[in-house]
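Using the sequences and the hints, build the whole thing.
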Amino acid sequence: GNSVTQMEGPVTLSEEAFLTINCTYTATGYPSLFWYVQYPGEGLQLLLKATKADDKGSNKGFEATYRKETTSFHLEKGSVQVSDSAVYFCALRSGGSYIPTFGRGTSLIVHP
Amino acid sequence: DAGVTQSPTHLIKTRGQHVTLRCSPISGHKSVSWYQQVLGQGPQFIFQYYEKEERGRGNFPDRFSARQFPNYSSELNVNALLLGDSALYLCASSTGTGANTGELFFGEGSRLTVL
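Protein chains in written order, with the working numbering: chain Z, 1 to 112; chain E, 1 to 115.
Among the hints, erroneous ones may be present.
[What the hints assert, rightly or not] Derived Cβ-Cβ restraints for the label pairs, each shown as a range:
#, chain 1, residue 1, chain 2, residue 2, range
1, Z, 40, E, 8, 41 to 49 Å
2, E, 60, Z, 56, 21 to 29 Å
3, Z, 41, E, 59, 22 to 30 Å
4, E, 77, Z, 26, 29 to 37 Å
5, Z, 20, E, 15, 40 to 48 Å
For the record, the hints were derived by calculation from the structure and aren't laboratory data. We treat Cβ as the ideally placed atom computed from N, Cα and C, and that holds for glycine.
What follows is the structure, encoded as structure tokens:
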């Protein structure tokens, strides 16, 4: 079956630090990969996506590259801000299924 | 434009009671999906409805049911509440269904606490 594994949080960084949140997956077929963000008290928002191998998704300074050989989709940002503090979820959709499989989420805390 | 709206935002129930959660999708969206997010976990799929018909069901007991109305709004019902039903219940709307579901837009959720 499909599964998504994310690094344990919380990740605590100072403002302007470099961010990496690891995500690996197992899936049937050729999945589409997603990162969602959940700010405190809000629902999930799609942050970026990639639909095929070697695609790079990017948005708001965040980026992630679909690596089929390592089954990974790590989220990166060069310089985080306090406003990036949130929970980040890696997810996949595979095999024509419309139902996304989510990881457990990684909490990011950015200090001034 | 209004996003996905859910009500109530917070509620407390006791074991054995029943709860109804409501969701209004984005205007023009005909599909509504429900997810359960237990603290510290990712969302788990419960149901998808499209054009008032159930199009998908996750691995949840029959105590969970849902329906969609002609205006595409939806209700999630949970009977005989258990402590383990305490969670954030998320509604997501989208334009299509199945392989054409498209992007999911989530509401802020209804946080249910069962005592």
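Exercise. In ascending order, which of the hints set out earlier in this document are inconsistent with the structure?
Worked result: 1, 2
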